[in-house]
Amino acid sequence: MNQFARLLFVSAVLGASGVRAEPLDGLPEGVQAHGFVSQSVVSSNQNRIGGSKSGSLGTDMRELGGNLSWRPNADWLVSAQLLSRWAGASDNGNVRVDYAFVDRLLVNAEGARLGARIGKIKNPFGFYNTTRDVAHTRSSILLPQSIYHDQVRNFFLAAPGASLYGGLDGTENSLEWEVSVMQPEVRDGNLTAFMVDQQTGRFKGRPSVLAHALWEGDGGRMRAGLSAGSLAMRFQPAPQDFFGLVGLMGGTTGAGDITLNTGVFSLQYNAEDWSHTAEYAVTRQLRKNFNLPGPLTILDMDSTVEALYLQTEWRFASRWKAFLRYDTLVLDKSDRNGQRFAAATGLPAAQRYARDWASGLRYDPTSAWSLFAEVHHVNGGAWVSKLDNLPVNLATTWDMLLLQAAWRF
Amino acid sequence: MRWLLRTFFLLFLSLPVVHAVEVIANGSVAERQVTVSTARAMFAMRQTQWADGSPVRVFILPDHHPLHSGLCKEVLSIYPYQLRQSWDRLVYSGTGQAPVEVATEEEMIARVAATPGAIGYIRKVNNNESVRTITVR
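In order, the protein sequence lines correspond to chains S and Y. The first sequence begins at 1326 in our numbering and counts up by one. The second sequence begins at 46 in our numbering and counts up by one.
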């Protein structure tokens, strides 16, 4: 654990005796500091999640983050967050800049705002993306993986760029929107494994756009969101890579471009005791210039990824919450059960889809602490980490139990 | 008949006390009234300026405090968990800041009275001359 992580961990433990989740005292006017830490325990009977092994508990899932924000006056805001995350082979606790940007409010008229941000900005995508690593802001320990896919999280999470944002507040309705241009950060073993299997080559982000709008009606009882983006990257295989070698045989470099044209439609109804949420995402994956020969063209074909989840949360007692969710993902809409993929590659069809029933409990003993427990019954393994699970060994039907304790200030 | 009235009276007494809530502001604030949508945007930390461009400083009581529920339901017409979710989204994505949490109504009055641009809330009966009352309509 490096120094930042250690420092944050110590301050978290020291601060844990206080129960109020509020900014630290004694900071200069306009400055706030916040942080969060979580530790999970995972038990999976088949596929490995968060460092778990079949028959033993995995304790490798941990999150640690801290942020500072400074509002020197009513128009400017400067904020940055560092994040460290552990999750099996895919995340080893490296400290990353989660976001770091300057925000300038340009117009503030009665009920209307317009502003701009520049720096590394969180990508608003669906209801949960911008704060997905903060346990308290999630509906469950694992967010619905069909849409909040942890294997491509670093790519989707935040990116250096600029954005224009705005808001309108009416008596019954409000609207928030943001349009960003950025260069996705794609140097990530997990993303490589997900996109082109385990190879040592590198992805490079290319200029991309993302737009997000969120409407709230009746004071937020109804919420509807739409995010749409076109995220582009280029894969450059290493000479010894599979793509590099077969490319060489076919007279090409094996390099190619991938563009993800993606959109998510989000709906939520919030009552006093109940919240019902549905999100549906379609991602058109366009592959260009790989020119792989023969039967391998299946790795070079466009496909449409389809994801949907339905979730119900029930605040059945003060400080308690339960949820039930069905979450489904297919990596190729025209090959829903992965049979065509399995026939062409000899790999398990389960690698191409996942249907996850999940249910769990949350208890907030104080506003700073949260305890979670949830069970999953999964058919398929489209979202399990390929770095933790060899694709040939992927189990089709599997279950897991997760426990998590989280603290924040 | 009398026993019926008495039963009703006892039932009425045993109902949880509902506090009528009043929004208050620091004396420096020019506004005498704000719309529900503006109040909601301010307490949600989305609206960060008063009409004259000066910063809004929001003071709140803990999530489970009866007065906080009162503010959310009676004045803003939302649920406390929605405000909490809204603050969390801003704070952990860097796009906003959290309100200042105070422990008691007395502390609320003292902090709002002492902080330029401050907004907070108290019980309606608790008239206090050190702060300004704001009508939310």
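Hints are computed from structural coordinates only; laboratory data are not their basis. Since this is a predicted model, take the numbers as computed values, not measurements. Warning: the hint list may mix true and false statements.
[To be verified] Pairwise CB distance ranges (calculated):
| # | chain 1 | residue 1 | chain 2 | residue 2 | range |
| --- | --- | --- | --- | --- | --- |
| 1 | Y | 159 | S | 1434 | 51 to 57 Å |
| 2 | Y | 155 | S | 1553 | 47 to 53 Å |
| 3 | S | 1549 | Y | 178 | 32 to 38 Å |
| 4 | Y | 152 | S | 1395 | 34 to 40 Å |
| 5 | S | 1512 | Y | 159 | 29 to 35 Å |
| 6 | S | 1434 | Y | 160 | 22 to 28 Å |
| 7 | S | 1504 | Y | 152 | 40 to 46 Å |
| 8 | Y | 159 | S | 1435 | 26 to 32 Å |
| 9 | Y | 72 | S | 1382 | 31 to 37 Å |
| 10 | S | 1590 | Y | 180 | 35 to 41 Å |
| 11 | S | 1728 | Y | 178 | 35 to 41 Å |
| 12 | Y | 65 | S | 1512 | 31 to 37 Å |
| 13 | Y | 97 | S | 1682 | 36 to 42 Å |
| 14 | Y | 151 | S | 1419 | 57 to 63 Å |
[Unchecked claim] Computed from the model, here is a short list of chain Y residues facing chain S with C-beta under 10 Å:
| # | residue |
| --- | --- |
| 15 | 92 |
| 16 | 95 |
| 17 | 96 |
| 18 | 107 |
| 19 | 123 |
| 20 | 124 |
| 21 | 140 |
| 22 | 169 |
| 23 | 170 |
A virtual CB, placed ideally from N, CA and C, is assigned to each residue, including glycine.
So, going through the hints one by one against the coordinates:
no.: 1; hint: Y:159 x S:1434: 51 to 57 Å; in the structure: violated (29 Å)
no.: 2; hint: Y:155 x S:1553: 47 to 53 Å; in the structure: holds (48 Å)
no.: 3; hint: S:1549 x Y:178: 32 to 38 Å; in the structure: holds (36 Å)
no.: 4; hint: Y:152 x S:1395: 34 to 40 Å; in the structure: violated (25 Å)
no.: 5; hint: S:1512 x Y:159: 29 to 35 Å; in the structure: violated (50 Å)
no.: 6; hint: S:1434 x Y:160: 22 to 28 Å; in the structure: holds (25 Å)
no.: 7; hint: S:1504 x Y:152: 40 to 46 Å; in the structure: holds (41 Å)
no.: 8; hint: Y:159 x S:1435: 26 to 32 Å; in the structure: holds (28 Å)
no.: 9; hint: Y:72 x S:1382: 31 to 37 Å; in the structure: violated (58 Å)
no.: 10; hint: S:1590 x Y:180: 35 to 41 Å; in the structure: holds (39 Å)
no.: 11; hint: S:1728 x Y:178: 35 to 41 Å; in the structure: violated (48 Å)
no.: 12; hint: Y:65 x S:1512: 31 to 37 Å; in the structure: violated (57 Å)
no.: 13; hint: Y:97 x S:1682: 36 to 42 Å; in the structure: violated (54 Å)
no.: 14; hint: Y:151 x S:1419: 57 to 63 Å; in the structure: violated (47 Å)
no.: 15; hint: 92; in the structure: holds (7 Å)
no.: 16; hint: 95; in the structure: holds (8 Å)
no.: 17; hint: 96; in the structure: holds (7 Å)
no.: 18; hint: 107; in the structure: holds (7 Å)
no.: 19; hint: 123; in the structure: holds (4 Å)
no.: 20; hint: 124; in the structure: holds (6 Å)
no.: 21; hint: 140; in the structure: holds (7 Å)
no.: 22; hint: 169; in the structure: violated (21 Å)
no.: 23; hint: 170; in the structure: violated (26 Å)
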